[in-house]
Structures are given as structure tokens and as C-alpha cells.
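Protein sequence lines correspond, in order, to chains W and F. If you're matching positions, the first sequence starts at 1 in our numbering and goes up one per residue. If you're matching positions, the second sequence starts at 1001 in our numbering and goes up one per residue.
If you are wondering where the hints come from, they were derived from the structure by calculation, not from laboratory data. One or more hints might be untrue.
Taking lysine-lysine and the DSSO-like style, the derived pairs with C-alpha atoms no more than 27 angstroms apart in a straight line are [stated by the list, open to error]:
hint	chain 1	residue 1	chain 2	residue 2
1	F	1034	W	213
2	W	242	W	90
3	F	1113	W	134
4	W	330	F	1113
5	W	60	W	197
6	W	213	F	1101
7	W	90	W	104
8	W	60	F	1113
9	W	94	W	56
10	W	56	W	242
11	W	197	W	154
12	W	330	W	131
13	W	60	W	213
14	W	313	W	242
15	F	1101	W	242
16	W	313	W	213
17	W	213	W	197
18	W	330	W	60
19	W	131	F	1113
20	W	134	W	94
21	F	1113	F	1034
22	W	56	F	1101
23	W	60	W	90
24	W	330	W	313
Here chain W is said to cover these stretches of chain F; the calculated rule only asks that three of the stretch's residues, wherever they fall, bring their Cβ under 8 angstroms from a Cβ of chain W [stated by the list, open to error]:
hint	segment
25	1040-1047
26	1061-1074
27	1087-1099
Yeah, the Cβ is synthetic: ideal placement off N, Cα and C, and Gly gets one too.
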Amino acid sequence: MNISLRRILSLNLLLITLLTFLVGCATGNTREHNRDLFALDTVITLRVFGGRSAGKALDKAAERIREIEDHMSATLEDSDVSRINRAAGKEPVKVHEDTLFVIKRALNYGELTGGVFDITIGPIVNLWDIKSEKASIPDEDQIEDKLALVDYRKVRIDEENMTVFLEEEGMAVDLGAIAKGYAADEATRILREAGVKSALLNLGGNVITIGGKPDGSPWRVGLQDPRSQETGQNHFAIVEVKGATVVSSGDYERYMVDIYERTGERYHHIFDPRTGYPAQSGLMVSTIISASSMDADALSTILFIMGHEDGFKAIEELGNFEAIAVSLDKDVYITEGLKDGLIPSNDLYNIIEPEAGRK
Amino acid sequence: MKPRIGDVFVYIFIILLVGLSFIGLKSMGNHEGKVLVQVESDGSIIESVEMSGPEAEGSVRELRIDAVDGGYNIVRISADGVEIIDADCPDRLCVYSPSIKNPGQSIVCIPHKLIVRITGRGPDKGIVDDTAS
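Pulled out of the complex, with its shape left as it was, chain W reads as follows (with noise of 0.2 angstroms):
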């Protein structure tokens, strides 16, 4: 063996053990960045897997959804969404862009579902107040008075001017039903811009994924069983995905304990715009699985308002969605493309194969 060729010989050793080194630097590095929130009057927990800059964009992500509480918040004195509540009835309200833009795609939602879908719900949200602890059935006249004020085409909006305007004194935006998939999507956005290759959001019960698990197989997410104190039970089904998003709308979240136990009737937080009382469509939950989080937001709600039967058709109707819908008798009725993608958890439910032919 002649000297030159040694040197080769050294040399390419040399590097191959460089490159194998970097490597595994590179994906040792791939590591888990977490972060819990109390934002958007939930918990929201960030799990994001890569590298340095993983976890610096999870820092932005956590940021902006800060600032999307600041401007969406229905509790924060400042926010847009308190500032154009107190100007209902007197004047139009300069809001920030992203305010515009979800309130813009909320008054979208209540046209296609013919104000199943309103925005402007606060009145009734506010008298009821289920969070609060001294929360009680108001009378109907109480009702009646607020319904008057749930009107999502009252809502005037000037896009040059960025303002919005309620046309009545009374008049109240709450956008919980979507604020918190816009911020899904705001989050997702910034880590996929960043790189990032494998993340498992979770906002207020709101499960946003990227990707798949860090070693390539497909999330599994629960879904929380409606009855889960009755039945012991933690999740009804659970379902395997990748980079997509799984909302659920449900009645046990938040609703009033003492009034259920006395009349066996659950006055829950998902009110119906049309009848100003909490929705009794007949379903315990409803989930929607899709690409955005904001549209999932949105139309969980309106699926546990219709019902399975209108709710499915309307869904449908809107885009390329699944959806599965819990009856009070424990029947989970599903769309056609989550024919073999639910998997069964709990025998206490009934997964209804869905009828041919109909998505």
C-alpha cells in the first residue's frame, strides 16, 4: 500500500465516522419542547418535536396565541371583542386584522347554516352564565328579551376601515366557538413554517397534530367519553391520524350539575341561537376531523346543534369533513370515509356503519 493511498484511506475513514457523528447529532437532537398555556379561558398544552429551532418557533407559536387572546378574549377589558361589545349600538369599532378575519368567517358560517351558527350568542351566553357558580334557569321572558338581540346579520363590518359594529345596544359577539381553532391554526401555521415535522397540540380539548409521531406512525386520539363519570370509561373511540385536527362539541364540558341531578336535564354551555336555550338535538357529542381547526371549531358546534340527521347533511353541504355524532342512547353515527378509521374502545357504544352512498 503506497502512502497517498493510506492518506485516502485515513481520510475517507475519517469522514464517513464525521458524517455518522453529525447525524446522529442530528437526530438526537430531535427531542420533545413543551409548554402549557392558561390562554382563551382554557388550558392549552404544545407538544413539538425537532431541534433547536422546534422549539423556538413553539415560543412564537405560544406568543401569537397570547396575542390572539388579547384581541379575542371575551373576559380581557381590551380586547376587541369587549371593546366592540360596549360600543353595540353606538359606534363601529377599529379591530385588529386577525379579529376581522375570524369574525368575517363566523358571520360566513351563520349564512351557510342559516343562523345556526351565531356569533352574536353573548346575550344569551352572559344570562345563563353556566361557568358561574350561582348559574340558574332564567325565565322565558328573560330569554325572550335576550333572543331578540342574537342576530348574526347585525353585524356590520367595514373591511376599509377595519371596523365592526353591532347595530343594537345589547348586542354581544362571543367567538369561543371559533377563537380557539383560529389559534389552532395560527399555532400550526408558524411550527410548519418553522420545519417542524411532528407536533400534538392540544387547546381546550381541541387536538391539532403535524405529522405523525417523531418515529413516523399516526397519532391516536381519544375521544372523550360524554358519560365518562357514568361509565367509567375515559373515551368512546379513538381515532389514528396524521396532520390532521379532531374537535369535539359536547354537552359535559360545562353545564349545570345541580339542575341535572334534580330533573335529569342537562343545561349545558352550546346554546341554540334559534331557541336561546342550551341545544337539545338529541346528540352527548359531536366530533368533526378535518385539515382546518377553525372550520372544525365551528362546525362541531353546528353538528351537536342540528343533530346528526340535518347536522351531516349540512356538513356535506360545507366541504371535505369527517364526523362522528353521539346520540343520548350511546349510537355513534359516522361519516362514510371513517368507516375504518374509528376504532372501537368502549363496548357501552354503538358504532352505526354508515348507509351507503351518503358521505
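We have chain W already, so just place chain F on it with the hints.
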């Protein structure tokens, strides 16, 4: 053929690199194992206790957690699971939450900015990664 002094350095360097890589790999693979109950208050972990295993049958621990803005939650940890048995938050949703047992599950008290979470990989590894609710 005699190895040159430069070659020796190269070999030593290579051996060192390989050795270091192994150390790195080992520390990476050490995530499995213990199942912990973590209590997080306003974003920081304030309690981290090992979940009772089968050998700890019958052992019950109750932790009183004082919230950042005042108030309390009482967390009960036993072989049957983890639950919040009492709290003075306005909605008491945490008390009504069902008990949790598997890694990945959590109970939340939003008014007190509290999260009780089970972490780690248990024997029934990854039943679900998260729950949509």
C-alpha cells in the same frame, strides 16, 4: 509498514467520537420507565411523584396544592388512579373530572391554573397520545 504519527491521532480521534456518540445515544434512550404524576401550577412543575405501582397497593397519598392566586386543590394519588377530590374553585369542574390512570391523561383546574398530569411510559404503552374533548 509503520503507522505515521498523524494516523495515530486520527485513530484516537475516531475512537473518541464513537465513544461520545454512544454516551449521547444512551442518554437519549433513557426516557422510558417511571410513570410520574406531575402537578403543574401556572406553567411550572411543583410536584412530581411516582405513581403507585402494584407493589404500593393500598398506599394513598393526598397532596394539598395551593394555587398561585389563592385557593387550593386536593390531589389524591392511589393505585386506582389520580383524582382531585376537593377544591375551592368556582366551577369545581376538576373535582367532577373522572380519575386518570394512564400516561398522557390529565386533569385541569382552569381557575387555579393547575394541571395534574401522568407522564412517562407505563406498561400499557400509549393507549392514546391525547384526548379530544
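For each hint, the structure was consulted:
no., hint, verdict
1, 1034(F) / 213(W), "holds (21 angstroms)"
2, 242(W) / 90(W), "violated (47 angstroms)"
3, 1113(F) / 134(W), "holds (21 angstroms)"
4, 330(W) / 1113(F), "violated (33 angstroms)"
5, 60(W) / 197(W), "holds (16 angstroms)"
6, 213(W) / 1101(F), "holds (22 angstroms)"
7, 90(W) / 104(W), "holds (20 angstroms)"
8, 60(W) / 1113(F), "holds (21 angstroms)"
9, 94(W) / 56(W), "violated (32 angstroms)"
10, 56(W) / 242(W), "holds (23 angstroms)"
11, 197(W) / 154(W), "violated (42 angstroms)"
12, 330(W) / 131(W), "holds (26 angstroms)"
13, 60(W) / 213(W), "holds (21 angstroms)"
14, 313(W) / 242(W), "holds (26 angstroms)"
15, 1101(F) / 242(W), "holds (25 angstroms)"
16, 313(W) / 213(W), "violated (33 angstroms)"
17, 213(W) / 197(W), "holds (9 angstroms)"
18, 330(W) / 60(W), "violated (41 angstroms)"
19, 131(W) / 1113(F), "holds (16 angstroms)"
20, 134(W) / 94(W), "violated (35 angstroms)"
21, 1113(F) / 1034(F), "holds (25 angstroms)"
22, 56(W) / 1101(F), "violated (32 angstroms)"
23, 60(W) / 90(W), "violated (37 angstroms)"
24, 330(W) / 313(W), "holds (20 angstroms)"
25, 1040-1047, "holds (count 3)"
26, 1061-1074, "violated (count 0)"
27, 1087-1099, "holds (count 5)"
Violation of the numbered hints given earlier is confined to hints 2, 4, 9, 11, 16, 18, 20, 22, 23 and 26; the remaining hints are satisfied by the structure.
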